[in-house]
Amino acid sequence: MTWKPSISRRELMGGAFGAGLIASTGGLLSGCGRSARHTISNPEAAPGPPRYGGRIRVASLASSTADTLDPAKAALSTDYIRHNMFYNGLTRYDRLLNAQPELAESIDTTDQQSWRVKLRKDVVFHDGKPLTSADVVFSLLRHKAAATASKVKAVADQFADVRADGSNEVLIQLTGRNVDLPALLAQSQFLIIRDGTTEFHTANGTGPFRCAEFRPGERTVGVRNPNYWKHSRPYLDSIELIGIPDEISRVNALLSGDVHLINAVSPLSTRRIDETPGYAVMATPSGLYTDLIMQQTMLPTANPHFTLGMKYLFDRELIQRAIFGNYATIANDQPIPPTNRYYNPEIPQRTYDPDRAKYHIRMAGLTGARLPMFASPAAEGSVDMASVLQEYGSKAGLSLAVNRVPADGYWSTHWMKHPLTFGNTNPRPTADLLFSLCYKSDAAWNESHWNNPTFDRLLVEARGEPDEQRRKTLYGEMQQLVHDQCGVAIPVFISLIDGNDQRLKGLYPIPIGGLMGYLFADQVWWEG
Amino acid sequence: MASIAANPPKRPSSTVREILLLILIRTAYALLTLFLVSIVVFVISGLLPGDAAQEMLGQSATPGQVAALRHEYGLDLPAHIRYLSWVRGMFGGNAGRSIVANMPVSEIIADRLPNSLVLAGLTTAIAVPLALFIGIYSAVKRGTLIDRALNITTLSMVAMPEFLVATIGVLIFAVHLRWLPSITLTSKDTTWGEFLRSYALPVLSLAVVVIAQMARMTRAAVVDQLGRPYVEMAVLKGVPPRRLILWHVLPNAIGPIANAVALSLSYLLGGAIIVETIFNYPGLASLMVNAVTSRDMALLQTCAMIFCGAYLLLVLIADVAAILANPRLRSQ
Numbered sequence: 001m002t003w004k005p006s007i008s009r010r011e012l013m014g015g016a017f018g019a020g021l022i023a024s025t026g027g028l029l030s031g032c033g034r035s036a037r038h039t040i041s042n043p044e045a046a047p048g049p050p051r052y053g054g055r056i057r058v059a060s061l062a063s064s065t066a067d068t069l070d071p072a073k074a075a076l077s078t079d080y081i082r083h084n085m086f087y088n089g090l091t092r093y094d095r096l097l098n099a100q101p102e103l104a105e106s107i108d109t110t111d112q113q114s115w116r117v118k119l120r121k122d123v124v125f126h127d128g129k130p131l132t133s134a135d136v137v138f139s140l141l142r143h144k145a146a147a148t149a150s151k152v153k154a155v156a157d158q159f160a161d162v163r164a165d166g167s168n169e170v171l172i173q174l175t176g177r178n179v180d181l182p183a184l185l186a187q188s189q190f191l192i193i194r195d196g197t198t199e200f201h202t203a204n205g206t207g208p209f210r211c212a213e214f215r216p217g218e219r220t221v222g223v224r225n226p227n228y229w230k231h232s233r234p235y236l237d238s239i240e241l242i243g244i245p246d247e248i249s250r251v252n253a254l255l256s257g258d259v260h261l262i263n264a265v266s267p268l269s270t271r272r273i274d275e276t277p278g279y280a281v282m283a284t285p286s287g288l289y290t291d292l293i294m295q296q297t298m299l300p301t302a303n304p305h306f307t308l309g310m311k312y313l314f315d316r317e318l319i320q321r322a323i324f325g326n327y328a329t330i331a332n333d334q335p336i337p338p339t340n341r342y343y344n345p346e347i348p349q350r351t352y353d354p355d356r357a358k359y360h361i362r363m364a365g366l367t368g369a370r371l372p373m374f375a376s377p378a379a380e381g382s383v384d385m386a387s388v389l390q391e392y393g394s395k396a397g398l399s400l401a402v403n404r405v406p407a408d409g410y411w412s413t414h415w416m417k418h419p420l421t422f423g424n425t426n427p428r429p430t431a432d433l434l435f436s437l438c439y440k441s442d443a444a445w446n447e448s449h450w451n452n453p454t455f456d457r458l459l460v461e462a463r464g465e466p467d468e469q470r471r472k473t474l475y476g477e478m479q480q481l482v483h484d485q486c487g488v489a490i491p492v493f494i495s496l497i498d499g500n501d502q503r504l505k506g507l508y509p510i511p512i513g514g515l516m517g518y519l520f521a522d523q524v525w526w527e528g
Numbered sequence: 001m002a003s004i005a006a007n008p009p010k011r012p013s014s015t016v017r018e019i020l021l022l023i024l025i026r027t028a029y030a031l032l033t034l035f036l037v038s039i040v041v042f043v044i045s046g047l048l049p050g051d052a053a054q055e056m057l058g059q060s061a062t063p064g065q066v067a068a069l070r071h072e073y074g075l076d077l078p079a080h081i082r083y084l085s086w087v088r089g090m091f092g093g094n095a096g097r098s099i100v101a102n103m104p105v106s107e108i109i110a111d112r113l114p115n116s117l118v119l120a121g122l123t124t125a126i127a128v129p130l131a132l133f134i135g136i137y138s139a140v141k142r143g144t145l146i147d148r149a150l151n152i153t154t155l156s157m158v159a160m161p162e163f164l165v166a167t168i169g170v171l172i173f174a175v176h177l178r179w180l181p182s183i184t185l186t187s188k189d190t191t192w193g194e195f196l197r198s199y200a201l202p203v204l205s206l207a208v209v210v211i212a213q214m215a216r217m218t219r220a221a222v223v224d225q226l227g228r229p230y231v232e233m234a235v236l237k238g239v240p241p242r243r244l245i246l247w248h249v250l251p252n253a254i255g256p257i258a259n260a261v262a263l264s265l266s267y268l269l270g271g272a273i274i275v276e277t278i279f280n281y282p283g284l285a286s287l288m289v290n291a292v293t294s295r296d297m298a299l300l301q302t303c304a305m306i307f308c309g310a311y312l313l314l315v316l317i318a319d320v321a322a323i324l325a326n327p328r329l330r331s332q
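Taken in order, these protein sequences are the chains called Y and B.
Counting from 1, one number per residue, gives the positions in the first sequence under this note's numbering.
Counting from 1, one number per residue, gives the positions in the second sequence under this note's numbering.
Just so you know, these hints were derived from the structure itself, not from any lab.
Honestly, I wouldn't trust all of these hints.
Partner residues aside, some chain B positions facing chain Y, computed with beta carbon under 7 Å [said to hold, decoys possible]:
1) Gly96
2) Ala101
3) Gln213
4) Val289
Covered, in the sense of this in silico footprint (three residues per stretch, anywhere, with C-beta under 8 Å from a C-beta of chain Y), are these stretches of chain B [said to hold, decoys possible]:
5) 54-65
6) 76-90
7) 130-143
8) 223-233
9) 260-267
For glycine and all other residues, C-beta sits at the position ideal for the given N, C-alpha and C.
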């Protein structure tokens, strides 16, 4: 099987606009473009041909001494943005999270287990050295060493062997069959660095910008890379990236013209931005969710009646409206969002049902029981969700106590450590990755310690299944299993909200994260 | 009869010697205090949930990775050994290495300390003269309409939280009028105009609070002196008001005023956290908060030492100033 870059209609149109090739038919296409791009909340007209030049300042939500230029350690949006300025991956995501070729010209396999990556031959690092297979081998294998402290070690452990075949080809041998390899390699942690890099005071990548300044906790400045392999890109002369942790300050900085693009806008601020002329909000429906975790290894939460009863206690419309200001999509107690191509729309939507909740809680023998629930600002919206649950729980004969704990240290101290805690899971690019990391019985982040052999078997089968239709069926069954039995309740998927100066053109949502899935650097241009 | 209040000065050399002795003793106490503070900070931050390895890996931590990182950074050693190695480094002038940023602590501090000093210095340069003037003026005019007006103003300034001042300032001057930037953007190649524009709002927000505090303390100290018999005597002898205040009253009031100023200024270093957050100012206070949340022990300790040291130094300067201004304090 050859993995071919699949070009969707939307992508083609976006690309065409990007290159400015068919600007004369722009009027015609913008009409269909708008209907197709229903995911963009601001109905802006299709931009004209891109312009060159301009400096923009981008403010992300966090910046600290933990800022890094090491892609393996990327943990926050600021890191992802920074890394995508300076580095490239073998592949990258399009609007539908399909993998498109980047540094890889092609990725071929016959058995979904041994893969051959052919590299582009016209790529040079910022220091002038050409990209070779040694760089790719080094960049991929370092994730397996514990000392690298890689965020994707669990994924990289699938690489049984990575070796160079000549200077332009790399062979990747997986421990098992996995159709999704091209999509996995598009994760920002797998960006390609130069062979032997151990110090990250500056960045030596192949990306659209060169690192002119990097000061952890303060700023990152990238200047246009004139030798970028994507000829005619990037459009901007430079990008300055800063972090403004305080949301109100971040919005103020945008509206006062000090920065031109921000992420992590609160639903409460969207009206302020929309009402200011020259500024717009971009919402990206994503797979981000905050869930209630009912430990399946502890009592009383392991009781199936209790688990089900709690799922009926969620008033999803209320949570969507009151907590997320409608910047959320109703979810159905399973983690695959409607934006994913394997989403199963056949599963009946679970709704708030006090009678069923009451029934199941009675069947679990827990009527009148007092249960503590751990919520924290670390899991977005969980404190408010817990308050709603407490209120509705009392109607179902359950006395839920909200233990509100600080964000600081929440993940290591409370998350998954009590019968009832809240978790927060970031969007993942593929259904397989999400299920493998967070739902498989032996997964490290199987939040509720749910153990289901059928699910595990289906997961492995789907991972190696090249037939798209069959895969969809398998993932559909798995979503049903999670919906029915797993110890997590997922009320909504949270949309990611960005704000931008409207002179910045070329932005569109990529549902893996805010700011075009953090991939905006070589796509946007400035019409100042 | 120039000096009614002050005794004739002793020989200057003995004054200098006394002050040097005082500085010496205070320095010894300061070192002891710093040592105790470092123990307290170390112990208390050890009580916080999680360590640097867990914070670094965050939600995605696996036990194996955490153990490997702990070993790499020496976090698996017993607490007292980690503390002692830090103390040893400190005595050798080495503040250690930030494991989170993977840089020497001294480099990080060298980056941030000047920022904090500039902010504190600018605020001081504006706040202290203004506060002294307001305090003395309203003390002299005590009981009049203008005194009451100044009183109400400073009271409401003290009561107004600085985040309110800062936020309203940003909304008016940055978002609506667009005269000033809403965040501080410091870089090496800023012009003087840009520099002043970007510091205007942070300095204003900080100054509002410290001016009010210092002015109120100054007024109280001066009013206290103005009720004394020697002032009455001087007035009866026909000493002009300006000379009375500057020559007779101020040397006696300088002790409490200097201490109020020292307290306010030490607040400008470590207490600027709210202003640093709102204006995204890369100062020491936010660095320390950063160090706490990432459990970066070496950095946290160094920040604590700097804040504590600055405080002790300012109080010492205040005391020396008080003694120099008022020779009666020397014998105490």
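Hint by hint, here is what the structure shows:
The beta carbon of Gly96(B) is not positioned within 7 Å of any beta carbon in chain Y (closest approach about 14 Å), and the interface hint is therefore violated. Evaluation of the Ala101(B) hint against chain Y yields a held restraint, the C-beta minimum of about 4 Å falling below 7 Å. Because the closest C-beta pair between Gln213(B) and chain Y is about 25 Å apart, greater than 7 Å, the hint is violated. The restraint placing Val289(B) at the interface with chain Y is violated, with a minimum CB-CB distance near 9 Å, outside the 7 Å limit.
Coverage of the stretch 54-65 of chain B by chain Y holds. Counting CB-CB distances below 8 Å, 11 residues qualify, and the rule asks for three or more. Given as covered by chain Y, the stretch 76-90 of chain B fails the check, having 0 residues with a CB less than 8 Å from a CB of that chain where 3 are the minimum. Given a C-beta distance limit of less than 8 Å, the hint that chain Y covers the stretch 130-143 of chain B is violated, as 0 residues qualify and 3 are needed. As drawn, the stretch 223-233 of chain B meets chain Y at 0 residues by the rule of a beta-carbon pair under 8 Å; below three, the given contact is violated.
Proximity of the stretch 260-267 of chain B to chain Y, defined as three or more residues with a beta carbon under 8 Å from a beta carbon of that chain, is not established by the 0 residues found.
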